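J.: Sequence:
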Amino acid sequence: MSVVTLQLGQCGNQIGQLFFDTLIKDNHPKTKGKITQQYLGQSFQRFFTQRDNGCYEARAVSVDTEKKVVSKVLNKAEKTGKWCYPEGQQLSGRRGAGNNWADGFYNHGTKCEEEVLDLVQKELEKCDHFGGFLSLMSIGGGTGSGLGTHITQALKDNFDRSFLVNVLIWPHSAGEVIVQNYNAVLSLAHLSESTDALLIFQNDSIKKIVQKMSPASKVTFFDMNKIVTDHLASTLQPAVSEFGSRNLLGSYLEYLVPHPDYKLLTTRFVPQLTEGAIPFSTFKWSSLTKTTNQMLITQDITEEGV
Numbered sequence: 001m002s003v004v005t006l007q008l009g010q011c012g013n014q015i016g017q018l019f020f021d022t023l024i025k026d027n028h029p030k031t032k033g034k035i036t037q038q039y040l041g042q043s044f045q046r047f048f049t050q051r052d053n054g055c056y057e058a059r060a061v062s063v064d065t066e067k068k069v070v071s072k073v074l075n076k077a078e079k080t081g082k083w084c085y086p087e088g089q090q091l092s093g094r095r096g097a098g099n100n101w102a103d104g105f106y107n108h109g110t111k112c113e114e115e116v117l118d119l120v121q122k123e124l125e126k127c128d129h130f131g132g133f134l135s136l137m138s139i140g141g142g143t144g145s146g147l148g149t150h151i152t153q154a155l156k157d158n159f160d161r162s163f164l165v166n167v168l169i170w171p172h173s174a175g176e177v178i179v180q181n182y183n184a185v186l187s188l189a190h191l192s193e194s195t196d197a198l199l200i201f202q203n204d205s206i207k208k209i210v211q212k213m214s215p216a217s218k219v220t221f222f223d224m225n226k227i228v229t230d231h232l233a234s235t236l237q238p239a240v241s242e243f244g245s246r247n248l249l250g251s252y253l254e255y256l257v258p259h260p261d262y263k264l265l266t267t268r269f270v271p272q273l274t275e276g277a278i279p280f281s282t283f284k285w286s287s288l289t290k291t292t293n294q295m296l297i298t299q300d301i302t303e304e305g306v
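Heads up, the final residue of the sequence shown is numbered 306 in UniProt numbering, and it's a clean run with no missing numbers.
It is worth saying that the hints were derived from the structure and are not from the lab.
One or more hints might be untrue.
Said to hold, decoys possible - Straight-line Cα separation of at most 20 Å, SDA-like style, residue types lysine to any residue; simulated pairs: (1) K67 with E115; (2) K156 with L253; (3) K67 with Q90; (4) K156 with E125; (5) K25 with Q38; (6) K156 with C127; (7) K79 with Q89; (8) K25 with K226; (9) K72 with G88; (10) K76 with I24; (11) K284 with T266; (12) K126 with P86; (13) K126 with G88; (14) K72 with K226; (15) K207 with E193.
What you are looking at is a predicted structure, and each value in this text was computed from that prediction instead of being measured.
Take the sequences, apply the hints, and build the full model.
T.: Below, the structure is given as structure tokens:
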């Protein structure tokens, strides 16, 4: 089942580019592992199409009110030589939403809705078996929160039988944008009625994980985005099932969203190690599951004190 990803706003586009890059690297490991052809086939079919030249093309639509971010992620993908974004499946404007939720929702969202839906329809026509939408956005600014919320509602109105999961980057508790709390509340109020699940990543928690893994380093947005995309890739990559291939998003929603009012989701990720430390470490499933269980009991996103 193919998943179409929507990258909405600056944060959504940056997360999306790093997410697809993480998927490609996971499917081309530097060390020998037990990656099967079935695993690779499901992963590529889920998130990519393959061009005639062998390059993998992300099943994605990129939207932002400013061109620079969209252009930057396109160039980064192209430079890898392994994957790229589809041509003409991007929409950008000349003026940002200025952290104004209403401007993003009512102004930019209304103006670009029809064009975004056309781009989405083109991407859907490439899918043999469509499994749902994955929307990436932040809810602290104006474009990702306001415009992203408007596009989410439009998707639900026009593709009401399709699964829709929103990945939300929650703003820091203090400091970023003076109106971020209003933007977040307005976004949640609308999204809770139009999406099937909200997968939330809190910036404060993500920063805490980065500081634990690299205490001597200064925390950057790239470091935090990398943690988010590692969580996403681990969650959305294929897993062995006795029932064979199933609808990815549908399977998650079946078990994680038992009632339409209970759709706020979070993730826990272990082991929390730097890439350089992983080759020198060994783990057993029993110890990993025990650690994650303790993290749930203590309501902590890190392994500290577990």
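J.: So, for every hint listed, does it hold in this structure?
T.: Against the structure, the hints come out as follows:
1. K67 with E115: At roughly 16 Å apart (the allowed maximum being 20 Å), E115 and K67 satisfy the hint.
2. K156 with L253: 16 Å, holds
3. K67 with Q90: With Cα atoms ~10 Å apart, K67 and Q90 stay inside 20 Å; holds.
4. K156 with E125: The hint holds at about 18 Å.
5. K25 with Q38: 17 Å, holds
6. K156 with C127: 19 Å, holds
7. K79 with Q89: 18 Å, holds
8. K25 with K226: 13 Å, holds
9. K72 with G88: 15 Å, holds
10. K76 with I24: 13 Å, holds
11. K284 with T266: 23 Å, violated
12. K126 with P86: OK: K126 and P86 at ~11 Å, within 20 Å.
13. K126 with G88: 14 Å, holds
14. K72 with K226: This hinted pair holds, its Cα atoms lying about 17 Å apart.
15. K207 with E193: Given that 20 Å is the threshold and the Cα spacing comes to 29 Å, the pair is violated.
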